[in-house]
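Residue numbers (my numbering), protein chains in the order written: chain E, 1 to 230; chain X, 231 to 460; chain B, 461 to 699; chain C, 700 to 938.
Check the hints yourself; a few may be wrong.
[As the list claims (entries may be wrong)] Taking beta-carbon pairs under 7 Å as the criterion, some of the chain B residues facing chain E (in silico): (1) Gly578; (2) Ala579; (3) Pro582; (4) Asp625; (5) Asp627; (6) Asn631; (7) Gly660; (8) Pro662; (9) Gly663; (10) Ala666; (11) Pro667; (12) Ile675; (13) Val697.
What the hints contain is simulated information worked out from the structure, not anything from laboratory work. Glycine included, C-beta positions come from ideal geometry on N, C-alpha and C.
What follows is each chain in one-letter form.
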Amino acid sequence: MSGFNLMEDKLSNAQIAWRAAQDLEDGSYVNLGIGFPEMIAKFQPEGRNVTYHTENGVLGFGRAPAEGEEDWDLINAGKKAITLNPGASFFHHADSFAMVRGGHLDLAVLGAYQVAQNGDLANWRVGSKGVPAVGGAMDLVHGARRVAVVTDHVTKDGGPKLVEECTFPLTGVGCVTRVYTSLAVIDIAEGRFVLRDKLPAISLEELQAVTGARLHIEGEVGAIVVPEGI
Amino acid sequence: MSGFNLMEDKLSNAQIAWRAAQDLEDGSYVNLGIGFPEMIAKFQPEGRNVTYHTENGVLGFGRAPAEGEEDWDLINAGKKAITLNPGASFFHHADSFAMVRGGHLDLAVLGAYQVAQNGDLANWRVGSKGVPAVGGAMDLVHGARRVAVVTDHVTKDGGPKLVEECTFPLTGVGCVTRVYTSLAVIDIAEGRFVLRDKLPAISLEELQAVTGARLHIEGEVGAIVVPEGI
Amino acid sequence: MTKVSPSVADAIADIPDGAQIMIGGFGGSGAPIELIHALIDRFRATGSPSNLTLINNNAGNGSIGIAAMIKAGMVGKMICSFPRSSNAEAFNEKYLAGEIALELVPQGTLAERIRAAGAGIPAFYTPTSFGTELAEGKPSEEFDGKMYVRERWLKADFALVKGHDGDEAGNLTYRLAGRNFNPLMAMAADRTIAQVSNLGAPGSIAPEAVITPGIFVDVVVEVSEPQQEEMLVRTGVIY
Amino acid sequence: MTKVSPSVADAIADIPDGAQIMIGGFGGSGAPIELIHALIDRFRATGSPSNLTLINNNAGNGSIGIAAMIKAGMVGKMICSFPRSSNAEAFNEKYLAGEIALELVPQGTLAERIRAAGAGIPAFYTPTSFGTELAEGKPSEEFDGKMYVRERWLKADFALVKGHDGDEAGNLTYRLAGRNFNPLMAMAADRTIAQVSNLGAPGSIAPEAVITPGIFVDVVVEVSEPQQEEMLVRTGVIY
């Protein structure tokens, strides 16, 4: 119960991405947000066919091209060069967001500043200073069958990111269905955080202590065991 | 002033179509309604480039194919076989009606049961009996820069089709901008019928007598002179 | 996991009684005749699916396709813009006898309502039908000095569409004006079933040439020499 | 009557001060750099067009394209979804100094508002931004148990788009993901000006391959070896 070092024993971003990738469903259509969520594709399990969507109008893109091989008309929403898998397609922005809002994606994964226990998400700005930029985040949180978040469990100074109510400006209301953190996998159901998996090394009490709202337990809590080398 | 025989001296449908065709503008995009309005394309003046739109998703179609040469995947809104001109394109129904409603057509021409002096059009059903069918008429009356009607000036029993107020169910409100009849060309401006052209053989009084609302005159009234053989 | 179905009968096997079904095509252009006839075969063999609501621009023609479904007694309601046609006796007789319901929708509004369903837009404003009896009971509002009617999205349980080239990822192209309602309906149904004239491996359609991306298609079945409704009607075929 | 313009300078010659201009592209993909630079040339030579409102997903990058327009002082307002980027100093500096206005629109809402303008739909409901500060002041309403925000169409006086193949009838195709906002903007402006990499006679593009039908395009100009924004930024080009 003691001995868990929050900063040293937590999962790295790559390990969180690996854990999220284990839930990718065969035959699914998935949008991975810019940055950290994009890493999930690298850990896609063998034997599962996943088609990736990017907001700027590509379905079925693959890995980044080798340096020097980029075609800058072929990029993703993060403006990184991509390649195409067989069966890819191009479409304009209105059709792309029809896929997003229209319920056609199986999964969207985003980063977060805060997630509230009712599924509210804050991930686009932390205050009123600087240049605001929203991109496709407010669209992506609507329509996908599952909206997941990948995030460190706590802020850099140890404060909770999973909270009773968001204090940062909202991206969407009641939209997140699952959170993959550096310590746990938590579902959002009926306005509550429900703990699904956690790191074996952290106790329930320690996990609750760094979570800003009550963690509910329904059935057995699974163990997150990340393979060596990730 | 006397001597005009309304049934014998009026223009035929082909002659009305010829007159309407004289106003086709070079470089314009035009939708011709099913039936009588379609005839206008046959009289398109030499040297004018007109691109025809049909609701079912074709821009730039040409004449009917020879019998036996039809491809029944290539039809117009009247379900007649068509051919393509160079520069034609296909698109789906939502894009097709985006062209219609979005103000992209220069001209739409429809038939009419009644046209009111404020531009109201009734052309889709005459009563509550039978099977109602509306098609694209209610869309076509919105968005085109000019909405013209081709029609006999009077009903089969001699009653007026140009009226103060429509008594048949409306297709659209205040939408018609010009009417080509078997006797005259009449603009609709500020809620009034304004006479532009008439057959030379009919007097103003005779024309007014078969029109159900006041004909206004602004400037000179032109003469409709149809070439021999049409 | 594959989207490819071995036969039209398999492709439509799970459509239940009472389903709301979009059927692509405009008249016979782009109409998925083989999928429709497979539904009729199933109804004749099993009595199901019955009491269907069909969404199509028209209401069938002659004695094949949608008209044959109506004659067979499988259809409870049509949502369409133009049920009248030169050979529309199947619908006309049932309608005038009060045996089939009709929701009449202007053609452009029908297309936009279907597209809105596919795009997650629950309602929109259109100038179409303002001031007419088809706008009765609908909210209306002025924008920039012009009056508009508010229309709702139109969804379906199933869409039956006809593509030309298809691939195993569900990507589709369409032949000539056979495109019409097909790409919109593919977006708007919970489950979209496509018959295609040529079925290839993923990559067999150039990414720029795809009209319906595979994300909108659940089932693909190859019908390599599809029948053309207009030819069937002209030759007097009765299904 | 021809839609073909002999040069990019001619193509953009009649854009006045104060115009609202949509500019296609997503970052550098599909961005009409040569049309933008022609506008900058004209502004440097004549002081016009100035005080422009630009509509684009982003707000420029590096010291070329839209960023160069902003640096030149031609832009009074940006309507975009993502002004932040790795090389967005041009916008950032003016914005933080209060010298340029910003209307921030979620990316999907931006696309749908532009499409709505092109399709004659003055307003529509979207779930996007409900409950957020970007929905403040906008009507909201519940449909089928979910809350939606009402958004208005977004029109422009001009659209500058980049096609790949074009023909003299104004038909366009796009290269790879360069499609993005270009087809939507072409529909939504009073006057659409397209630069294309290959210009051919009508019929040179297969009717099934046309992405933007010519009805949406007013002016076509060939720029046979267009520059790529990303390469210009990476090589430090300052326009």
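Evaluated hints:
1. Checking Gly578 of chain B against chain E by beta carbon gives a least distance of about 5 Å; that is within 7 Å, so the hint holds.
2. The restraint placing Ala579 of chain B at the interface with chain E holds, with a minimum CB-CB distance near 4 Å, inside the 7 Å limit.
3. Hint on Pro582 of chain B is violated. Least Cβ distance to chain E is approximately 10 Å, over the 7 Å limit.
4. At a threshold of 7 Å, the smallest CB-CB gap from Asp625 of chain B to chain E is about 12 Å, leaving the interface hint violated.
5. For Asp627 of chain B, the interface hint holds, since its Cβ comes within 7 Å of a Cβ in chain E; the closest pair sits about 6 Å apart.
6. Taken as an interface hint, Asn631 of chain B checks out: its beta carbon lies about 6 Å from the nearest beta carbon of chain E, inside 7 Å.
7. For Gly660 of chain B, the suggested interface contact is broken, since its CB lies about 10 Å from the closest CB of chain E, more than 7 Å.
8. Taking 7 Å as the C-beta contact cut-off toward chain E, the hint placing Pro662 of chain B at the interface holds, the least distance being around 3 Å.
9. The closest approach between the C-beta of Gly663 of chain B and any C-beta of chain E is roughly 3 Å, which is under the 7 Å cut-off, so the hint is satisfied.
10. The interface hint given for Ala666 of chain B is broken, as the beta carbon of that residue sits about 9 Å from the closest beta carbon of chain E, more than 7 Å.
11. For Pro667 of chain B, the shortest C-beta to C-beta distance to chain E is roughly 5 Å, which falls under 7 Å, so the interface hint holds.
12. With 7 Å as the threshold, the beta carbon of Ile675 of chain B comes within range of chain E, its nearest partner Cβ sitting at about 5 Å, so the hint holds.
13. Taking 7 Å as the C-beta cut-off, the interface hint given for Val697 of chain B is violated, the closest approach to chain E being about 36 Å.
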